[in-house]
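Q: Work the whole structure out from these sequences, hints included.
Counting in the working numbering, the sequence shown runs from 3 upward without gaps.
These are calculated hints, taken from the structure and not from any lab test. Beta carbons are placed, not taken as given, at the ideal position from N, Cα and C, and that holds for glycine. There's no promise every hint is true.
What the hints assert, rightly or not - Once the Cα atoms are required to be at most 20 Å apart in a straight line, the calculated SDA-like pairs of lysine to any residue come out as:
{"no.": "1", "residue 1": "K142", "residue 2": "V87"}
{"no.": "2", "residue 1": "K142", "residue 2": "A117"}
{"no.": "3", "residue 1": "K142", "residue 2": "I165"}
{"no.": "4", "residue 1": "K142", "residue 2": "H5"}
{"no.": "5", "residue 1": "K142", "residue 2": "T21"}
{"no.": "6", "residue 1": "K142", "residue 2": "D116"}
{"no.": "7", "residue 1": "K142", "residue 2": "L123"}
{"no.": "8", "residue 1": "K142", "residue 2": "L44"}
{"no.": "9", "residue 1": "K142", "residue 2": "D166"}
Said to hold, decoys possible - Per label pair, the in silico range of CB-to-CB distance:
{"no.": "10", "residue 1": "G102", "residue 2": "H57", "range": "23 to 29 Å"}
{"no.": "11", "residue 1": "E148", "residue 2": "E170", "range": "27 to 33 Å"}
{"no.": "12", "residue 1": "A68", "residue 2": "G176", "range": "38 to 44 Å"}
{"no.": "13", "residue 1": "W24", "residue 2": "G129", "range": "18 to 24 Å"}
{"no.": "14", "residue 1": "D160", "residue 2": "E53", "range": "24 to 30 Å"}
{"no.": "15", "residue 1": "D147", "residue 2": "H78", "range": "28 to 34 Å"}
{"no.": "16", "residue 1": "S95", "residue 2": "N72", "range": "18 to 24 Å"}
{"no.": "17", "residue 1": "I61", "residue 2": "S138", "range": "18 to 24 Å"}
{"no.": "18", "residue 1": "E127", "residue 2": "D160", "range": "17 to 23 Å"}
{"no.": "19", "residue 1": "P50", "residue 2": "I165", "range": "36 to 42 Å"}
{"no.": "20", "residue 1": "I165", "residue 2": "R126", "range": "16 to 22 Å"}
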Amino acid sequence: MGHAEVLLIGGRAGVGKSTVAWEVSDQLRRVGVAHALVEGDLMGQVHPAPEGDPHRAAITERNLTAVWGNFAELGHRRLIYTNTVSVLTTAASMFERAMGADVRMIRVLLTATDATAAQRLEGREIGSELDRELRSSAYKARLLDERAPADTVRVATDDRSVIDIAAEVLDATGWIAALDVAALDRSRARR
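A: Take a look at the structure:
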């Protein structure tokens, strides 16, 4: 079957990680490419934080290991994983432990201007978290820009359709063979 591969989609809040990941998944499904999708933020979504794990890193890894184990048991070897900082080298060891030391990691950093991210967050965050999300998003954009490894593919999301963004992300993976490109193009044309 081959080794496991993970498409890491990172980026600031409001950049479109989840939306792009779901579109990538849809495009892969349309051409019959087997894969699984995990929203990384949900792997550690527990309150209060587990004792001794204030940043929820250990519970995130445990959950990823369990979920990936189930997917791998079904024969899957490709995973789409979204999380703000998943593209950073500090996250690599978690994927190696959860998916195997030889896991191939494809890092894609989605980018957006402060104005674009703010517009998207204002439409999404309707509760008390908007101000904190705006500040955190700007901070993480700078952090990711500075610390993303050299092999990270950067994809701008401003003023672009999710279909086009997902196609660019997919190009970085090599998951769609040349023979499948015509089928994907036909699929996109029908939309």
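Q: Taken at face value, is the distance from the CA of D166 to the CA of K142 at most 20 Å?
A: violated, 24 Å
Q: Between K142 and I165, is the straight-line Cα distance small enough, at 20 Å or below?
A: violated, 25 Å
Q: Holds or violated: K142 and H5, Cα atoms, limit 20 Å.
A: Outside the cut-off at roughly 31 Å; violated.
Q: Given the hint that K142 pairs with V87, does the C-alpha gap stay at or below 20 Å?
A: holds, 8 Å
Q: Are the Cα positions of K142 and L44 separated by 20 Å at most?
A: holds, 19 Å
Q: Compare the distance between the alpha carbons of K142 and A117 with 20 Å, and conclude whether the hinted pair is satisfied.
A: Given pair K142, A117 holds - Cα atoms ~15 Å apart, limit 20 Å.
Q: With respect to the beta-carbon atoms only, verify the hint that P50 and I165 lie 36 to 42 Å apart.
A: The hint (36 to 42 Å, Cβ to Cβ) holds, given that P50 and I165 are roughly 40 Å apart.
Q: Note whether the CB distance of G102 and H57 lies within 23 to 29 Å or breaks it.
A: holds, 24 Å
Q: Mind checking the hinted window 27 to 33 Å against the Cβ distance between E148 and E170?
A: Since the Cβ atoms of E148 and E170 sit about 22 Å apart, the hinted range of 27 to 33 Å is violated.
Q: Does D116 sit within 20 Å of K142, going by the straight-line distance between their CA atoms?
A: holds, 11 Å
Q: Could you see if the CB distance from I165 to R126 stays within 16 to 22 Å?
A: holds, 20 Å
Q: Could you see if the CB distance from S95 to N72 stays within 18 to 24 Å?
A: Taking Cβ atoms as reference, S95 and N72 lie about 21 Å apart, which means the hint holds.
Of the hints listed earlier, those the structure fails to meet are numbers 3, 4, 9, 11, 12, 14, in rising order.
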